[in-house]
Amino acid sequence: MASGQRVTSFSARRVRGDIPLLTRVINGRPITFLDSGASSLQPRAVINAMSRYYELHHANVHRGVYQTANEATQAYEDAREAVARFVKAPGGGEDIVFTKNTTESFNLLAHSWGATHLRAGDVVLLSEMEHHANIVPWFQLRETTGIEVRFIPVADDYRLDLTNLDQLLRGVRLVSVTAMSNVLGTKNPVAQLALAAHDVGALIAVDGAQSVPHGPTDVGELDIDFLAFSGHKMLGPTGVGVLWTRRAVLDTMPPFLGGGGMISDVTTSGFTPARGVARFEAGTPPIAEAVGLHAAVRYLEGLGMENVEEHDRELTVDALTRIENTFDGRVRVIGPSDTKDRGGVLSLDVEGVHPHDVAQVLDEFGVCVRPGHHCAKPLMRRFGLAATARASFGPYSLTRDTDVLLEALAHTLSVFH
Amino acid sequence: MSNLDDLYREIILDHYRSPRNRGELPTPPAHKVEGFNPLCGDDVVLYLDVRDGVLVDIKLSGHGCSISQSSSSLMSAAVKGKPLDDVNATIDTFKQLMSVHSAALESSEAESDVDLRRLGELAALRGVVKFPVRIKCATLAWNTLRQGLEELAAS
Numbered sequence: 375m376a377s378g379q380r381v382t383s384f385s386a387r388r389v390r391g392d393i394p395l396l397t398r399v400i401n402g403r404p405i406t407f408l409d410s411g412a413s414s415l416q417p418r419a420v421i422n423a424m425s426r427y428y429e430l431h432h433a434n435v436h437r438g439v440y441q442t443a444n445e446a447t448q449a450y451e452d453a454r455e456a457v458a459r460f461v462k463a464p465g466g467g468e469d470i471v472f473t474k475n476t477t478e479s480f481n482l483l484a485h486s487w488g489a490t491h492l493r494a495g496d497v498v499l500l501s502e503m504e505h506h507a508n509i510v511p512w513f514q515l516r517e518t519t520g521i522e523v524r525f526i527p528v529a530d531d532y533r534l535d536l537t538n539l540d541q542l543l544r545g546v547r548l549v550s551v552t553a554m555s556n557v558l559g560t561k562n563p564v565a566q567l568a569l570a571a572h573d574v575g576a577l578i579a580v581d582g583a584q585s586v587p588h589g590p591t592d593v594g595e596l597d598i599d600f601l602a603f604s605g606h607k608m609l610g611p612t613g614v615g616v617l618w619t620r621r622a623v624l625d626t627m628p629p630f631l632g633g634g635g636m637i638s639d640v641t642t643s644g645f646t647p648a649r650g651v652a653r654f655e656a657g658t659p660p661i662a663e664a665v666g667l668h669a670a671v672r673y674l675e676g677l678g679m680e681n682v683e684e685h686d687r688e689l690t691v692d693a694l695t696r697i698e699n700t701f702d703g704r705v706r707v708i709g710p711s712d713t714k715d716r717g718g719v720l721s722l723d724v725e726g727v728h729p730h731d732v733a734q735v736l737d738e739f740g741v742c743v744r745p746g747h748h749c750a751k752p753l754m755r756r757f758g759l760a761a762t763a764r765a766s767f768g769p770y771s772l773t774r775d776t777d778v779l780l781e782a783l784a785h786t787l788s789v790f791h
Numbered sequence: 002m003s004n005l006d007d008l009y010r011e012i013i014l015d016h017y018r019s020p021r022n023r024g025e026l027p028t029p030p031a032h033k034v035e036g037f038n039p040l041c042g043d044d045v046v047l048y049l050d051v052r053d054g055v056l057v058d059i060k061l062s063g064h065g066c067s068i069s070q071s072s073s074s075l076m077s078a079a080v081k082g083k084p085l086d087d088v089n090a091t092i093d094t095f096k097q098l099m100s101v102h103s104a105a106l107e108s109s110e111a112e113s114d115v116d117l118r119r120l121g122e123l124a125a126l127r128g129v130v131k132f133p134v135r136i137k138c139a140t141l142a143w144n145t146l147r148q149g150l151e152e153l154a155a156s
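Chains W and Y are the protein sequences, given in the same order.
When the letters of the first sequence are read in order and numbered with my numbering, they come out as residues 375 to 791.
When the letters of the second sequence are read in order and numbered with my numbering, they come out as residues 2 to 156.
Same shape as in the complex, but just chain Y (with noise of 0.2 Å):
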């Protein structure tokens, strides 16, 4: 059961179990946006405070498996109080750790062009890219932020 293992990380089980930062804020001054698999029917829902580009807050609802769950919770604790531009540069990375070929991770020479510092806890979701189907599961809430903060950018 190693891969297994390499994906159910105790730390993905236990933003699963325990959800950070869930909830909603109010809009405005909140700004709210939904992201949806069709294909599985998860969604999420975030809330973004921005203000003088700091993302303040940021709270998010919404259904899904433990890794699309797990990932933006992880996520919404890594980015809360951060400025957008640390914001956007975590999305890139955790987006290029997403992309890595499974069979350059196991070399770890791909992986260590990531900068893993940066991402601290999400690196427990490097084993997703092991199993290609749930890859968009993990990035559900990314691209979801990213359009967020690109909606807020054209505003």
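Looking at chain W on its own, in the form it has when it is part of the complex (with noise of 0.2 Å):
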């Protein structure tokens, strides 16, 4: 049990019956959801409390003094004090920015931090693994101050190749990877690389967009330095996002985007930025946006993180053994093939398929898997692809998703062969 406090229990058929949409049905059949890594569903529960925040409660936040202006602003201030409690924050909701996105967290982390804390010549240090979003940013910050950026190279059994850290660490002044691959769901050492970061007196970053919906996350127990990762991958809405960092490194990052609400006080010579982490949400923030991400914190809280990582793996094992037995090598799964330090991600690679094509037969099935590059193109040139079919689960999936997917995949196979 995560807190030690909740009483948890988790049944995926509970969970699958709390998510409206998978009520659909598609093409005839009832809709196999299988793309949680691009977004996961939504339950009631957070539709609701977006519902009822604005039915009842909604104000600007941090400007009046009427009561429902103060509801609002008390329920944005909560929905940060139950994400620190989700990662284990040490510092409370105060060391809990809320952005747009991963992504967007990734580019104030680089912006800010990056910008005024790097300078030519030194190292930022990502995986081949990575997700755009941990790479692009980077690039673009090299382009502005001569950083270099490296990658730690992606071995054959699709697990980061850590034979040469030390020499890769050398110069490097940040660590930023992923906990877990979208492509692969290779889980990666993440307290090994944060002690082997600290080490060189480099700080870490990690991405957690597709490892913090799936599992217990611990940032002391890992003692990492920044954690980046989406409100709608972990069953909450669209539009938000966090950055979670130590307040040491908090006050030391300037703002990134200026604007109302960002500010102590502003004059026409100049202005002086709010303390702590409102000088980086600068405008009205997605406030609706954090009472459903509070909501669905709550709800995972509800099922048990350690429950939702086993129930995960239960389904991983299950389909990577089917697949192997069921397609006699046609269908390929990029990926680790043991289970150990694996998420429930499969990029599949079918036999003479392109991914797209997959994609559209599974459709016909009323599958749900996302073709293409998933936004790892250098991992993606590493193993010589172009792109594959990926499913990927969440908590209200089922062993009935996997026959589906193998129901539809036999066909397609069918279809072009």
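Everything labelled a hint here was simulated from the structure, so no lab data went into it.
A few of these clues could be false.
Unchecked claim - With a cut-off of at most 16 Å between alpha-carbon atoms, the simulated EDC-like pairs for lysine to aspartate or glutamate come out as follows:
1. Y/K131 - W/D737
2. W/K462 - W/E680
3. Y/K33 - Y/D58
4. W/K714 - W/E688
5. W/K751 - Y/D44
In this text, all values refer to a predicted model and were calculated from it rather than measured experimentally.
With the hints as a guide, bring both chains together as one complex.
Here is the structure:
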């Protein structure tokens, strides 16, 4: 149990009953949603919390003195506390910056912390399995500051090749890696990398977009310095993401976006930024979305993140075994075949069939998967692939979903051969 | 599976499995033009040999889904050896077919405006319009061909 305080119970079947969208019928078949890696589905608790907020409490935050303005402000700040609790942030909600999504979190990290702490020649160490969100902002920063961007290679077993880590860490000021690959499902040894980074005086940022929704997260235990993740991949709404960092680091970061809400004073000659996380949240923030994220956090806490992780693992073991047994190599899974340190993401390579065609045939069966490069082109190049068709699980997924996936994959092979 | 059968007609699968006119032509005299779909990573490379207003030869290479690859193969078969006026008219007709609203397609009224005879085997691709996200797959080679012809005209 995550907190040791909350009584949790988990039944994927019950979670499924809580998700209105899973009642949809697509092409005459019940929807088989296997695209949670791209965006998860929302339980009624999240949808209702947002509706209730708009129906009863909405006002702009941190401004008015009237009652609903206070309620909205309180709800927004409560969400910060809930998110802090969820990732065990030692400094509480004061260290949680709400962004739009993981991508914006990395842009904030690069353009605020990176632009002021990194100089020409400093190295940012990424991995070959990063999402473009954790690559492009660093290349952008390279153009203005002359930093070096370096990559930890991915080995043939789809895991990070850390044999030359000591060499790779030379001159590194920041390690920025994903906790779980959105293409391979590989879970990386974040705590080990944090230790190695700190040993050379570097900080470590972690992309938690895939890991936070699917298992317990403890930023203190991992001993990391930054964590970025998105609300909509963890049963919450779109439009809200998170950047967590330790207070000591946060206080050294200048604002990235300027405007209302992020200042303590503005005159005709200049401005003074607000203290704390407020200075990173210019303009009216995603209030209803933060309320929805709070509801998602409570819902996940109710399930227990250990249970969510175990459920994910069971589905993955089952799917990997059955894909191998059913298709005799004609459907390959691009990712680790052992399920230790591996999440519920199955990137499929179907013999002789382009992933777009796979996804098209699967849609006919009501099966939702994601074809494409998954915003990880360096990784795709590494394995000589233009694209894969990716199936990914959520806490509402059942082995029944895998049944339909296998049936649809068999049909795909028959159409094209 | 009637929608799927409409999309993956046998002639499309045939061109996907055995693409026509695959290869390269020496440049010059041929003109090389590349088309790219950044969303799905599909690409097409065309080699165009135009002499005296006639597309004497065309070769193609590239990677992609069955729709983009069969469309480029069918296209090459349809335009090879044709005067440029005919080639341009075929491009227009094909793009017109791809812009027919799928609801109108059912009634076949709008389709009657499209000169299907000019399209011949290419008409097999008309099921694509029922799948709006795949239209860009079908038109990739055609947009690339038009771009190549425009580059040639400008040079």
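Do the hints match the structure? See the list:
1. Y/K131 - W/D737: The hint holds at about 13 Å.
2. W/K462 - W/E680: holds (14 Å)
3. Y/K33 - Y/D58: holds (12 Å)
4. W/K714 - W/E688: holds (11 Å)
5. W/K751 - Y/D44: holds (15 Å)
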